[in-house]
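> Place chain Y on chain S using the hints.
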Amino acid sequence: MDELTKMVRDYVIKEYLEEGDEREVTETTPLISGGIVDSFSMVSLKRFLERKCSIKIPDDDATPQAFDTVQSIVALVRRFQQVPV
Amino acid sequence: MAFDDAVRNSYQADIQAIKAAGLFKEERYIHSPQHSEIEVEFPLGSGLRKCINVCANNYLGLSSHPDVIAAAHAGLDSRGYGMSSVRFICGTQDMHRELEHRLTAFLGAEDTLLFPSCMDANAGFFEACLNERDVMIADRLVHASIIDGMRLCKAMQDTFKHSDMEHLEEKLIEHQDKRLRMIVTDGVFSMDGDTAKLDRIVELAEKYNAMVFLDDSHATGFIGRTGRGTHEHCGVLGKIDVITTTLGKALGGASGGCVSGRRELVEMCRQRARPYLFSNAVAPVIVAGALKVMDLITASTDRRDKLEWNARYWRGLLKEAGFDIKEGDSPIVPVMLYDAKLAQDFARDLFDEGVYAVGFFFPVVPKGQARIRTQMSAAHEKHHLDSAIAAFRKVGRKHGILGLSKKELIAMCAV
Numbered sequence: 000m001d002e003l004t005k006m007v008r009d010y011v012i013k014e015y016l017e018e019g020d021e022r023e024v025t026e027t028t029p030l031i032s033g034g035i036v037d038s039f040s041m042v043s044l045k046r047f048l049e050r051k052c053s054i055k056i057p058d059d060d061a062t063p064q065a066f067d068t069v070q071s072i073v074a075l076v077r078r079f080q081q082v083p084v
Numbered sequence: 000m001a002f003d004d005a006v007r008n009s010y011q012a013d014i015q016a017i018k019a020a021g022l023f024k025e026e027r028y029i030h031s032p033q034h035s036e037i038e039v040e041f042p043l044g045s046g047l048r049k050c051i052n053v054c055a056n057n058y059l060g061l062s063s064h065p066d067v068i069a070a071a072h073a074g075l076d077s078r079g080y081g082m083s084s085v086r087f088i089c090g091t092q093d094m095h096r097e098l099e100h101r102l103t104a105f106l107g108a109e110d111t112l113l114f115p116s117c118m119d120a121n122a123g124f125f126e127a128c129l130n131e132r133d134v135m136i137a138d139r140l141v142h143a144s145i146i147d148g149m150r151l152c153k154a155m156q157d158t159f160k161h162s163d164m165e166h167l168e169e170k171l172i173e174h175q176d177k178r179l180r181m182i183v184t185d186g187v188f189s190m191d192g193d194t195a196k197l198d199r200i201v202e203l204a205e206k207y208n209a210m211v212f213l214d215d216s217h218a219t220g221f222i223g224r225t226g227r228g229t230h231e232h233c234g235v236l237g238k239i240d241v242i243t244t245t246l247g248k249a250l251g252g253a254s255g256g257c258v259s260g261r262r263e264l265v266e267m268c269r270q271r272a273r274p275y276l277f278s279n280a281v282a283p284v285i286v287a288g289a290l291k292v293m294d295l296i297t298a299s300t301d302r303r304d305k306l307e308w309n310a311r312y313w314r315g316l317l318k319e320a321g322f323d324i325k326e327g328d329s330p331i332v333p334v335m336l337y338d339a340k341l342a343q344d345f346a347r348d349l350f351d352e353g354v355y356a357v358g359f360f361f362p363v364v365p366k367g368q369a370r371i372r373t374q375m376s377a378a379h380e381k382h383h384l385d386s387a388i389a390a391f392r393k394v395g396r397k398h399g400i401l402g403l404s405k406k407e408l409i410a411m412c413a414v
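Chains as they are written, first to last, in numbering that gives the first Met the number 0: chain S, 0 to 84; chain Y, 0 to 414.
Here chain S stands alone, though its shape is the one from the complex (with noise of 0.2 Å):
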C-alpha cells in the first residue's frame, strides 16, 4: 500500500468509523454506498484531501462515486495532483 492510499484509508477510519466499530476499510471496500461515509459527511473528506494533497476538488468532482473506494478516492487525488492549483 503506498504512502498516499494508507494516508486516506487511515482517515477514513478515523473520522468516520466509531468506537468499537469493527467493519475492516480496505481499497475496494463501499464506503458511501456500504454506509461508512454518508454524503453529507463526505465534505470533511474532501477539505481533509484539498489541504494535505495541495489540491483543489471541484464540487462538480466530488461525487459519491468518486468518493466511494479508497481505491477511487486516491485515483482523483492523483487526478487532480497534476492540476495547477
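Just so you know, not all the hints are guaranteed correct.
Looking from chain Y toward chain S, a few residues come up when the C-beta cut is under 8 Å (computed) [unchecked claim]: (1) I146; (2) T158; (3) K160.
SDA-like, lysine to any residue: derived pairs with alpha carbons at most 20 Å apart [what the hints assert, rightly or not]: (4) K13/S x P365/Y; (5) K13/S x H161/Y; (6) K51/S x E173/Y.
Hint data in this document are derived by calculation from the structure and do not stem from the laboratory.
For every residue, glycine included, the Cβ atom is placed at its ideal position computed from N, Cα and C.
This is chain Y only, laid out in the frame that chain S set:
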C-alpha cells in the same frame, strides 16, 4: 411534455426498485383519534383492529386532550379556519404573537417565530442566518430536516461523530478561521433516544467562540425538571443561541414549529427564512389549541412526570424480558434487532398481537442497525405497558431472540 408511457415506465421502475430493496412504505389507516389505544385498518379493506400505540410522538398525551380540543373549537369559532395569507402580508393574528411570547418564556429565549413545521424552521434557519464565511458543525445523527437546511445554506458544512466531544473540539479548532461557527445538534436524538451532551457543547462553544443550534423537537414539553427541554435537563437554560422545536409532537401534535432564540437571529428568520416568507401562517385553530397546551404544561408537571415513570417502567420491562435496548433516559426506547427483515417481521407480528410499532432500517438508521422504535406517552396507563410487553415477549420468543446479545442477534440473522 406529456406524461407518456416512457415517463410512466421510468417512475414505475423506480417504485419497483424501492419495493425490491424492501424500503416501500405503506400507510395504515387509523379510524380513531390519536391516543394510547387506536383503531387501525390494515391491510387496506380489512376490519378494524384495536391496538396499543407505542410509536406516536404523543409524548404528553395531549393530542386528543378535551381541553385542547375545546380551545381549538373556540379558536375556530372566534378567528376562523384559515388566514389565506403568509404572515407578513395579512396572516398574523394577535394569537400568533401571543403563542410566540408564550414559547419564548417557556424555552427561556429572547424571541420566537412560528413556522408551518419544525421541518420548515430547520430548512429556513441556516440560509437566513449564515453565509459562505461561516461553518456549521453538526452531530452526525441530526434529523434529516437539519441536513436539508444545511444543504440550502452557503456556509461550509462539517460534522462530528455522534456525541463525541473530542471530535467536536478538533473541528472547532480547525475552523477558527471562519467568521462564525455554529454547533448543530438535536436535544434528544429521534432514532436512538439518547440526549445530547449540551453542557459540554455549551462549554466548548464558549471556549471556541461558537453559537449553539438545538433542535429540541423530541424534548420540548417533557425533558428537564419542568419540561423546558434538553437545555434545562443539562443545566444550560438561556445559553442556547437557537432552539427549533415543534408543536407536532408533545405540544398537541397537530402541526407547526418555531425558531426560538437570540432576538437578532429570530429577526433574520422573519426577514429572510423562505419557508416563513412563502408559506401560510399556522392556522388559527392550531394556534388556539397550542395556547391551551402551553397553559396545561406550565400549570403542572404531572404529565411529564407520568411520562418519565412510564419510560422507566417500559425500559425495565424490556430489559427484564431479555431485549437488547439502547440505553438512555428519554421516552424513546429503541429495541435493537439489527436486521431489516427481522425488524419488519417483528413489527408485523406485534400488530397481529395488538401492538402498533414500526420497524426502522436503512436509510432511516445506519445499515445493520435495524430496530423497533418504541415511544412512551403520558397517555399510556400501566396496563397498556403490561399488555404491550406480553406481546413483545410472545413475538420475541417466536423469533428466538430473547436474551440474545448484539453479537448473537447479528450472527443469528446472518445464518
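> Against this structure, judge whether each hint is valid.
Do the hints match the structure? See the list:
Checking I146/Y against chain S: minimum C-beta separation of about 5 Å stays under 8 Å; hint holds. A distance limit of 8 Å between C-beta atoms decides the matter here; for T158/Y the minimum to chain S is near 5 Å, and the interface restraint holds. Given hint, K160/Y at the interface with chain S, holds; its Cβ is 6 Å from that chain's nearest Cβ, closer than 8 Å. Between the alpha carbons of K13/S and P365/Y the distance comes to roughly 18 Å, so the proposed pair stays at or under 20 Å and holds.
As the CA atoms of K13/S and H161/Y are separated by approximately 14 Å, the hinted pair is consistent with the 20 Å bound. Of the pairs offered as hints, the one joining K51/S and E173/Y holds, with about 14 Å between alpha carbons and a cut-off of 20 Å not exceeded.
Violation of the numbered hints given earlier is absent; every hint is satisfied by the structure.
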